[in-house]
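Fit chains B, C and D with the ligands to the known structure of chain A by using the hints.
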Amino acid sequence: MNKLDLSVDLNGLLLKNPITVASGTFGFGREYADYIDLNNIGGISVKGLTLLPRKGNPAPRVIETPMGMINSVGLQNPGVDVFVEEEIPFLRQFDTKIIANINGNTVEDYCGIAERLSAADVDSLELNISCPNVKNGGMAFGTDPKMVAHVVSEVRRVAKKHLIVKLSPNVTNIGEIAKIAEANGADALSLINTLTGMAIDINTRKPLIANVIGGLSGPAVKPVAIKLVHDVYKAVQIPIIGMGGIMKWEDGIEFMLAGADAISIGTANFVNPKVTEEVLEGMTGYFNKNGICSPQEIKGGVTYQK
Amino acid sequence: MNKLDLSVDLNGLLLKNPITVASGTFGFGREYADYIDLNNIGGISVKGLTLLPRKGNPAPRVIETPMGMINSVGLQNPGVDVFVEEEIPFLRQFDTKIIANINGNTVEDYCGIAERLSAADVDSLELNISCPNVKNGGMAFGTDPKMVAHVVSEVRRVAKKHLIVKLSPNVTNIGEIAKIAEANGADALSLINTLTGMAIDINTRKPLIANVIGGLSGPAVKPVAIKLVHDVYKAVQIPIIGMGGIMKWEDGIEFMLAGADAISIGTANFVNPKVTEEVLEGMTGYFNKNGICSPQEIKGGVTYQK
Amino acid sequence: MSFVGNLEVLKNEVINEEVFALTLEAHEADIKAGQFYNFKTSDIVYPLLRRPISVALVEDGKIIFYIQKKGTGTQLLSNLKAGDEVNVIGPLGNGFDFTGIKKPLVVGGGIGVAPMMEAARQLKESGHEAVKVLLGYREEPYGIDVFEKITSDIAIASERAEGYHKGYVTALLEEVLDAAVYDGVFVCGPHVMLKAVAAICKAKGVKSHLLMEEKMACGIGACLVCTCKIQKEGESDFKNLRTCKEGPVFPGEEVLFDE
Amino acid sequence: MSFVGNLEVLKNEVINEEVFALTLEAHEADIKAGQFYNFKTSDIVYPLLRRPISVALVEDGKIIFYIQKKGTGTQLLSNLKAGDEVNVIGPLGNGFDFTGIKKPLVVGGGIGVAPMMEAARQLKESGHEAVKVLLGYREEPYGIDVFEKITSDIAIASERAEGYHKGYVTALLEEVLDAAVYDGVFVCGPHVMLKAVAAICKAKGVKSHLLMEEKMACGIGACLVCTCKIQKEGESDFKNLRTCKEGPVFPGEEVLFDE
Ligand SMILES: Cc1cc2nc3c(=O)[nH]c(=O)nc-3n(C[C@H](O)[C@H](O)[C@H](O)COP(=O)(O)OP(=O)(O)OC[C@H]3O[C@@H](n4cnc5c(N)ncnc54)[C@H](O)[C@@H]3O)c2cc1C
Ligand SMILES: Cc1cc2nc3c(=O)[nH]c(=O)nc-3n(C[C@H](O)[C@H](O)[C@H](O)COP(=O)(O)OP(=O)(O)OC[C@H]3O[C@@H](n4cnc5c(N)ncnc54)[C@H](O)[C@@H]3O)c2cc1C
Ligand SMILES: Cc1cc2nc3c(=O)[nH]c(=O)nc-3n(C[C@H](O)[C@H](O)[C@H](O)COP(=O)(O)O)c2cc1C
Ligand SMILES: Cc1cc2nc3c(=O)[nH]c(=O)nc-3n(C[C@H](O)[C@H](O)[C@H](O)COP(=O)(O)O)c2cc1C
Ligand code: FES
Ligand code: FES
Chain A
120 MNKLDLSVDL
130 NGLLLKNPIT
140 VASGTFGFGR
150 EYADYIDLNN
160 IGGISVKGLT
170 LLPRKGNPAP
180 RVIETPMGMI
190 NSVGLQNPGV
200 DVFVEEEIPF
210 LRQFDTKIIA
220 NINGNTVEDY
230 CGIAERLSAA
240 DVDSLELNIS
250 CPNVKNGGMA
260 FGTDPKMVAH
270 VVSEVRRVAK
280 KHLIVKLSPN
290 VTNIGEIAKI
300 AEANGADALS
310 LINTLTGMAI
320 DINTRKPLIA
330 NVIGGLSGPA
340 VKPVAIKLVH
350 DVYKAVQIPI
360 IGMGGIMKWE
370 DGIEFMLAGA
380 DAISIGTANF
390 VNPKVTEEVL
400 EGMTGYFNKN
410 GICSPQEIKG
420 GVTYQK
Chain B
120 MNKLDLSVDL
130 NGLLLKNPIT
140 VASGTFGFGR
150 EYADYIDLNN
160 IGGISVKGLT
170 LLPRKGNPAP
180 RVIETPMGMI
190 NSVGLQNPGV
200 DVFVEEEIPF
210 LRQFDTKIIA
220 NINGNTVEDY
230 CGIAERLSAA
240 DVDSLELNIS
250 CPNVKNGGMA
260 FGTDPKMVAH
270 VVSEVRRVAK
280 KHLIVKLSPN
290 VTNIGEIAKI
300 AEANGADALS
310 LINTLTGMAI
320 DINTRKPLIA
330 NVIGGLSGPA
340 VKPVAIKLVH
350 DVYKAVQIPI
360 IGMGGIMKWE
370 DGIEFMLAGA
380 DAISIGTANF
390 VNPKVTEEVL
400 EGMTGYFNKN
410 GICSPQEIKG
420 GVTYQK
Chain C
1172 MSFVGNLEVL
1182 KNEVINEEVF
1192 ALTLEAHEAD
1202 IKAGQFYNFK
1212 TSDIVYPLLR
1222 RPISVALVED
1232 GKIIFYIQKK
1242 GTGTQLLSNL
1252 KAGDEVNVIG
1262 PLGNGFDFTG
1272 IKKPLVVGGG
1282 IGVAPMMEAA
1292 RQLKESGHEA
1302 VKVLLGYREE
1312 PYGIDVFEKI
1322 TSDIAIASER
1332 AEGYHKGYVT
1342 ALLEEVLDAA
1352 VYDGVFVCGP
1362 HVMLKAVAAI
1372 CKAKGVKSHL
1382 LMEEKMACGI
1392 GACLVCTCKI
1402 QKEGESDFKN
1412 LRTCKEGPVF
1422 PGEEVLFDE
Chain D
1172 MSFVGNLEVL
1182 KNEVINEEVF
1192 ALTLEAHEAD
1202 IKAGQFYNFK
1212 TSDIVYPLLR
1222 RPISVALVED
1232 GKIIFYIQKK
1242 GTGTQLLSNL
1252 KAGDEVNVIG
1262 PLGNGFDFTG
1272 IKKPLVVGGG
1282 IGVAPMMEAA
1292 RQLKESGHEA
1302 VKVLLGYREE
1312 PYGIDVFEKI
1322 TSDIAIASER
1332 AEGYHKGYVT
1342 ALLEEVLDAA
1352 VYDGVFVCGP
1362 HVMLKAVAAI
1372 CKAKGVKSHL
1382 LMEEKMACGI
1392 GACLVCTCKI
1402 QKEGESDFKN
1412 LRTCKEGPVF
1422 PGEEVLFDE
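These protein sequences, in sequence, are chains A, B, C and D. Using the numbering used here, read the first sequence as starting at 120 and increasing by one per residue. Using the numbering used here, read the second sequence as starting at 120 and increasing by one per residue. Using the numbering used here, read the third sequence as starting at 1172 and increasing by one per residue. Using the numbering used here, read the fourth sequence as starting at 1172 and increasing by one per residue.
These are computed hints drawn from the structure, not numbers from a lab. Warning: the hint list may mix true and false statements.
As the list claims (entries may be wrong) - Below, a sample of chain A positions facing chain D; criterion: calculated Cβ distance under 7 Å:
| hint | residue |
| --- | --- |
| 1 | Phe145 |
| 2 | Asp153 |
| 3 | Gly175 |
| 4 | Ala178 |
| 5 | Pro179 |
| 6 | Arg180 |
| 7 | Glu183 |
| 8 | Asn190 |
| 9 | Val192 |
| 10 | Gln195 |
| 11 | Pro197 |
| 12 | Val201 |
| 13 | Lys280 |
| 14 | Gly337 |
| 15 | Phe389 |
Said to hold, decoys possible - Here are the computed lysine-lysine pairs in the BS3-like style, where the Cα-Cα straight-line distance is at most 25 Å:
| hint | chain 1 | residue 1 | chain 2 | residue 2 |
| --- | --- | --- | --- | --- |
| 16 | B | Lys325 | A | Lys408 |
| 17 | C | Lys1240 | A | Lys367 |
| 18 | D | Lys1303 | D | Lys1373 |
To be verified - If you anchor each label on the Cβ, the simulated ranges turn out as follows:
| hint | chain 1 | residue 1 | chain 2 | residue 2 | range |
| --- | --- | --- | --- | --- | --- |
| 19 | D | Phe1174 | A | Asp128 | 34 to 42 Å |
| 20 | B | Glu205 | D | Ile1186 | 55 to 63 Å |
| 21 | B | Asn159 | A | Lys174 | 48 to 56 Å |
| 22 | C | Lys1373 | B | Lys174 | 18 to 26 Å |
| 23 | C | Gly1232 | D | Glu1256 | 33 to 41 Å |
Quick caveat, the model's predicted, so the values are computed rather than measured. Note that the Cβ used here is the ideal one computed from N, Cα and C, for glycine as well.
Next up, chain A with everything else stripped away, as it sits in the complex (with noise of 0.2 Å):
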């Protein structure tokens, strides 16, 4: 019987696991360090950054809804140098992979900040295409596969850093974008991103997010991310990180049957401080008791006639 290796190779990003987790949803680590050990995730995708500080958008910035819930944080962020300066040193302590989350309102703002993280001491970027293009009309960039070829060139072009694009759910064809960002130099995907849901108090009549429209995540979009993630599959030949609604470990499994290398945890964080280790576990018995040797080995896996 051959023996379990967990590693996954994501062209060129090696993780120790399959286990990642989402940006956003996990700060940069120092939070759940004192519920988990860091040593034991493959990855940290680190909270959303940006050029210069943002402070983000005012309260309310959640409300939960049918197992799920909205946010609209507004990327508040200390900026790629406060981040270089106090956070990578921080979680360099940890046996993990640091990958950046980049964002920007224009091409020129990308790869401003993917060039300088590319001096600095990171496993890989992540660019989050579902940001506002202000040249644009603020539609988001990872929507127009235009827009997407542009800005994934173009990072793909200052970035000497192992690079994954992370796409956005809320498009008619994301096989399409995938294509194209997989052209365009990604070395990997991510997705799905979140889902643009609102809510309405109906006794004040506002939006229940101050910024009126937010991100929809957790168990809800469990359904629509795995549909996403089998159609990128069958897109592209790039390795693809799967989330969108991972609360046990038979999601994660569920992710990498429709066709993820690895699997990234977001929301989930928030209800159990500890479902990263407890995934992992679950995964690890999956692999063990069904004879796998590597997590790979079911990517795709889904079997159906068609």
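For chains B, C and D with the ligands alone, kept in the frame of chain A given last:
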């Protein structure tokens, strides 16, 4: 104090109250007639009809997901002729509007059924553009602006009835699609149809829906539906029937504040066959309590700066 | 029209590690064996859909359900205590049709043994003394005491427990059908068992009546998700019928088991 | 690091129509008044997010929470019975800082009265005899008995109930601040009350310490949804701080109430 008049005018289709039921969730009304008085519903959108009878998809056709369900019935229906002969006479016993939900895989199919029903005793046609276009690689009509323009204008040409176009949520820019439907002759719009979703059994590694993918409905999708209804409200002048996860009267009010003139209840009927009457009662109470004389007074009543 | 509303829990009894017997106060209704109730498993909105559970036994003033813990819904039902209320719709479905049956055979497997209690009871009530009952289990049998009050002619198979016919209930079925003539086999059990029973009965020329399971949403015939492929004798094609409405009991000869 | 895990319910007491007092077994922890626990309100996955509840009182071996029924989460907590277990994370947040305080004033309004019990108790424990406590209610007061065991100097306002100062607790506050000099006002209550208290204290030159509420997701400082606008003295701009981590207690002078 003015008296509350519950009726809503959907650009020619006059509903006695803003509560309708969603296509595919209420059969042809027969089953629910045992549980509620169908006279209490503003309108019934019947099970999706096709020109010829359809067997639908193999089992399993349903799987529960967190606060939602995926279905893939595959438009099982007896065909438009049986509908006209057997179901219309049954429904006409009640004082409620008959909305015929029409489906096709080609523009000719859609036009054929629209013509047939133009000669029949129905109050409105609801054009479901989420069906795959067999002449275009199976891509849903409703996801491509050109196809939307084509199918809506063609159906409009032959349809001698009030015409609702039912929008798919699986698009990048629903406002654009809505405008196209409006420009091509839709009298009203209904949304959202189901989000595309998928689920996998990790033990058998098979999809939990025989058709692999299916439509996600229920409370899980409500935040997405509210957002999309609001987008469409900002984009068009014609009336909107809002739906997606309505479980209680508060949800109905939320949809109206987002921009709906009327609402439609789907999945909730499965959980509580009396939900329509309960929602009607609750919404009526809200209108009275808030001194609202007509439901359409609160259409789009959500307030925010921007 | 079926009853929709709350019924009081009179008792909730642990049968074994997996199965519990939930006793509800009866409401006024004529319940046919093989019919089911659709349970709201919690007071809150989650789990979203109802759970269909067959009637296992009707006693004066009581309806008893045997429920196997599978997921959250059945787990929540197992937590109910005497005095609690539970929201149900029922009775639903067609139920077994015993009309004209002279010599019935009752077959149950696994949790599918439960609805056969009421089947046996109703057969006895309508004059069938000592109905023959075949029961199959994976492990230790349950519910035998209930059947013993109804009939003396019980044969039991178990895949693993000692002291019973070792193996599947289908082996018993073949023996029994070889030994005597029955004009109706009434069955509930797992999918594979139903399929095997249908084939055996067909081969031996006996009509089987299968209580089929299919995932449901509305339970009342409106949503069409609970489809069962039925091909009637002499017809050239199949129909997709509703398990909750035309079923859950279908003629074994007509069911197309195609996975 | 905070405790994460199950605690046993020792008691669940109805206080009035809306409020109940939930007593849990204590775990080893140093709890500061004003800190909170984040409760998983059911064994199943719904409701999804935890619910933050302030510590109302720490007694030997017990932690007591006063909880107002609002929605599903608090409703589920109200159903807990002695012997049940509940999953919590805590204690969380900064809590009140009483360091160097000579003459404290304790103010609570509505359900915000609850965390001020422990505030008063800890002040007494650290040597403040007869702490002055001002309490405001809409209807009939609750919890007075608890405060009476801690201090003799209690003033109570109610908007509707008879036998108390008619009106808002802020009126009492103005009187009290005019009558004597305090060096710290510790407050919890509804948003409007906190805003009014902060303004009054600022006007009278007394530092106020506000226990703020904001919707939360993680409760441990990771998600940034629980933002509170804070402008420190002398700084030209505000910062968005985390209510769950830098708070929930913030200096009244620094909070920007802008809606
Ligand atoms: C007509 C009929 C009669 C039944 N009678 C009984 C009975 O007497 N005793 C008993 O223990 N069980 C019975 N079942 C099966 C029972 O309904 C399922 O075990 C139960 O729904 C599982 O719910 P869960 O939340 O515990 O499990 P989960 O697996 O979490 O359920 C997830 C979803 O799948 C559905 N589901 C899962 N398994 C089944 C199934 N086998 N059939 C239908 N839907 C399913 C659930 O309704 C739910 O929507 C019957 C099913 C049908 C269709
Ligand atoms: C630091 C802190 C301490 C608190 N202490 C207490 C206390 O001691 N006693 C008490 O009764 N209540 C307290 N609350 C308020 C309590 O958390 C909410 O009333 C509760 O979360 C409502 O949950 P629900 O499911 O019953 O209501 P729902 O309205 O159904 O909740 C829906 C969502 O909104 C959130 N939410 C609703 N109201 C609030 C609120 N006011 N603050 C934060 N989140 C909210 C819930 O967490 C949930 O995500 C405190 C809140 C905070 C932030
Ligand atoms: C509070 C919050 C903040 C988030 N911030 C970011 C972010 O800064 N950058 C990003 O790419 N994704 C962000 N996301 C999206 C998550 O990384 C993830 O894609 C999404 O939440 C789906 O996974 P989940 O359902 O497991 O949470 C955020 C999500 C949440 C809930
Ligand atoms: C079982 C089922 C069948 C459906 N069939 C149709 C259909 O035939 N035509 C159609 O336009 N929409 C169909 N729908 C979509 C619903 O009409 C509705 O748009 C959707 O379910 C969202 O509303 P809900 O969340 O209240 O169910 C179906 C939905 C369900 C759950
Ligand atoms: S479950 Fe809806 S038709 Fe059977
Ligand atoms: S609730 Fe997550 S940072 Fe405060």
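So, going through the hints one by one against the coordinates:
1. About 6 Å separates the beta-carbon of phenylalanine 145 of chain A from the nearest beta-carbon of chain D, less than 7 Å, and the hint is met.
2. For the restraint placing aspartate 153 of chain A at the interface with chain D, the shortest Cβ-Cβ distance is roughly 4 Å, inside the 7 Å limit, so the hint holds.
3. Look at glycine 175 of chain A: its Cβ gets to within about 6 Å of chain D, closer than 7 Å, so that hint holds up.
4. Among the interface hints, the one on alanine 178 of chain A holds; its C-beta lies about 5 Å from the nearest C-beta in chain D, closer than the 7 Å criterion.
5. Hint on proline 179 of chain A holds. Least Cβ distance to chain D is approximately 5 Å, under the 7 Å limit.
6. Residue-level restraint check for arginine 180 of chain A holds (minimum Cβ-Cβ distance to chain D is 4 Å; threshold 7 Å).
7. Checking glutamate 183 of chain A against chain D by beta carbon gives a least distance of about 5 Å; that is within 7 Å, so the hint holds.
8. The restraint placing asparagine 190 of chain A at the interface with chain D holds, with a minimum CB-CB distance near 6 Å, inside the 7 Å limit.
9. A distance limit of 7 Å between C-beta atoms decides the matter here; for valine 192 of chain A the minimum to chain D is near 5 Å, and the interface restraint holds.
10. At a threshold of 7 Å, the smallest CB-CB gap from glutamine 195 of chain A to chain D is about 5 Å, leaving the interface hint in force.
11. For the restraint placing proline 197 of chain A at the interface with chain D, the shortest Cβ-Cβ distance is roughly 11 Å, beyond the 7 Å limit, so the hint is violated.
12. Taking 7 Å as the C-beta contact cut-off toward chain D, the hint placing valine 201 of chain A at the interface is violated, the least distance being around 13 Å.
13. For lysine 280 of chain A, the shortest C-beta to C-beta distance to chain D is roughly 24 Å, which exceeds 7 Å, and the interface hint is violated.
14. Checking glycine 337 of chain A against chain D: minimum C-beta separation of about 6 Å stays under 7 Å; hint holds.
15. Nearest Cβ of chain D to the Cβ of phenylalanine 389 of chain A: about 4 Å, under the 7 Å cut. The hint holds.
16. A hinted pair counts as satisfied when its Cα atoms are at most 25 Å apart, and lysine 325 of chain B with lysine 408 of chain A qualifies at roughly 18 Å.
17. Between lysine 1240 of chain C and lysine 367 of chain A the alpha-carbon distance is near 20 Å, which keeps this suggested pair within the 25 Å criterion.
18. At most 25 Å may separate the alpha-carbon atoms for a hinted pair to count; lysine 1303 of chain D and lysine 1373 of chain D meet this at roughly 19 Å.
19. For the hinted restraint 34 to 42 Å between phenylalanine 1174 of chain D and aspartate 128 of chain A, the CB-CB distance of approximately 38 Å keeps it satisfied.
20. The given range of 55 to 63 Å is respected by glutamate 205 of chain B and isoleucine 1186 of chain D, whose C-beta atoms sit roughly 60 Å from each other.
21. Taken as a hint, the range 48 to 56 Å holds for the pair asparagine 159 of chain B and lysine 174 of chain A, whose Cβ atoms sit roughly 51 Å apart.
22. Between lysine 1373 of chain C and lysine 174 of chain B the Cβ separation comes to about 24 Å, which falls inside the hinted range of 18 to 26 Å.
23. Judged by the Cβ atoms, the range 33 to 41 Å given for glycine 1232 of chain C and glutamate 1256 of chain D holds: they are separated by roughly 36 Å.
In this structure, the hints that do not hold are numbers 11, 12 and 13, in rising order.
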